[in-house]
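Numbering (the numbering used here), first residue to last: 1 to 274.
None of these hints come from the bench; they were simulated from the model.
These numbers were taken from a predicted model, which means no experiment stands behind them.
Ideal Cβ placement from N, Cα and C applies to all residues, glycine included.
One or more of the hints may lead you astray.
Stated by the list, open to error - Only pairs whose alpha carbons sit at most 27 Å apart, straight line, appear in this in silico BS3-like list of lysine-lysine:
no. : residue 1 : residue 2
1   : Lys166    : Lys204
2   : Lys73     : Lys14
3   : Lys272    : Lys200
4   : Lys73     : Lys84
What the hints assert, rightly or not - Quick list of simulated restraints, FRET-style, between CB atoms:
no. : residue 1 : residue 2 : range
5   : Asp185    : Val27     : 33 to 39 Å
6   : Thr89     : Asp205    : 44 to 50 Å
7   : Leu216    : Pro170    : 24 to 30 Å
8   : His196    : Asp176    : 20 to 26 Å
9   : Glu101    : Leu169    : 22 to 28 Å
10  : Val232    : Leu100    : 33 to 39 Å
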Amino acid sequence: MRILIPTDFSELSKVAVKYAVDFSKDVDVSLILLHISDVNAPGMARVSSKKLGEAIKTSTEAAMKELVATIKKENSHQINISHKIVYGTSIAKTIETTALENNIDLICIGTKGATGLKKIVFGSNAAAIIEHSSIPVLTIPELAEYKGIGNIAYSSDLYHLDRELKLILPYAKLTDSWIRILHIDKDKEGFDGDLHEKEKSLRKDFAYEKIKFNELKSGSVIEGINKFVSVVDVDMVIMFTHHTNFLEKVFKKSVTQNTAFQTSIPLLTFQKEK
Numbered sequence: 001m002r003i004l005i006p007t008d009f010s011e012l013s014k015v016a017v018k019y020a021v022d023f024s025k026d027v028d029v030s031l032i033l034l035h036i037s038d039v040n041a042p043g044m045a046r047v048s049s050k051k052l053g054e055a056i057k058t059s060t061e062a063a064m065k066e067l068v069a070t071i072k073k074e075n076s077h078q079i080n081i082s083h084k085i086v087y088g089t090s091i092a093k094t095i096e097t098t099a100l101e102n103n104i105d106l107i108c109i110g111t112k113g114a115t116g117l118k119k120i121v122f123g124s125n126a127a128a129i130i131e132h133s134s135i136p137v138l139t140i141p142e143l144a145e146y147k148g149i150g151n152i153a154y155s156s157d158l159y160h161l162d163r164e165l166k167l168i169l170p171y172a173k174l175t176d177s178w179i180r181i182l183h184i185d186k187d188k189e190g191f192d193g194d195l196h197e198k199e200k201s202l203r204k205d206f207a208y209e210k211i212k213f214n215e216l217k218s219g220s221v222i223e224g225i226n227k228f229v230s231v232v233d234v235d236m237v238i239m240f241t242h243h244t245n246f247l248e249k250v251f252k253k254s255v256t257q258n259t260a261f262q263t264s265i266p267l268l269t270f271q272k273e274k
């Protein structure tokens, strides 16, 4: 598996780097660190723009080498890690292009990042990155730590269950995780059938025993997920979505609400077919 990890070298963006590095202790992965540099210098005289660009490039390369050296120094296991420095003005589009060019299987980002002069603020760009990415995106909250992945909560509306499970399964198999299909029952939209029989059918169809159905009554998907992870030891939440407003709602609430799902549990998103 090839994992792309955008970084702006801030302490908060290193949360995603650390999570991916710790993940590499259990799973054979190749990690690629990505820094997106914008050499445009508003307000600077044109005569100095070339020198400014060279200074930024030199500083960025030094910071990247220092980050890689620190990662190797702080970890005793063998890490397959490389890095790229690219230039672009659109973070989401540049990440998508880089991921496609390098056959990336997963993009790993933090929910918060640098402020001030540094350009990439992952908290504000997370929804845009997810929306533009045709590749699954793993979003790591500030307080998340990798401790293995035993339980995955897959939030599903049940409309494309088989198709979505087919995409999820390779990721669950990497760590032999339970896939806990979570259907939030809103306005009497419960599953029309026998959950136990559906479980058995899915296990047989996908040749994977660790599939379990859970149904929960709640007024909203976010509230339902938070309620579920408060009683079940969930290590990752999975969603299929392309709705920017919904994603922004998730990340906005992560700032205002101290909930387990939004502050400490990674979110893996797949783009829903439009």
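Evaluation of the provided hints:
| no. | hint | in the structure |
| --- | --- | --- |
| 1 | Lys166 - Lys204 | 13 Å, holds |
| 2 | Lys73 - Lys14 | 15 Å, holds |
| 3 | Lys272 - Lys200 | 25 Å, holds |
| 4 | Lys73 - Lys84 | 20 Å, holds |
| 5 | Asp185 - Val27: 33 to 39 Å | 34 Å, holds |
| 6 | Thr89 - Asp205: 44 to 50 Å | 46 Å, holds |
| 7 | Leu216 - Pro170: 24 to 30 Å | 26 Å, holds |
| 8 | His196 - Asp176: 20 to 26 Å | 23 Å, holds |
| 9 | Glu101 - Leu169: 22 to 28 Å | 26 Å, holds |
| 10 | Val232 - Leu100: 33 to 39 Å | 35 Å, holds |
Going through the hint list in order, the structure satisfies each hint without exception.
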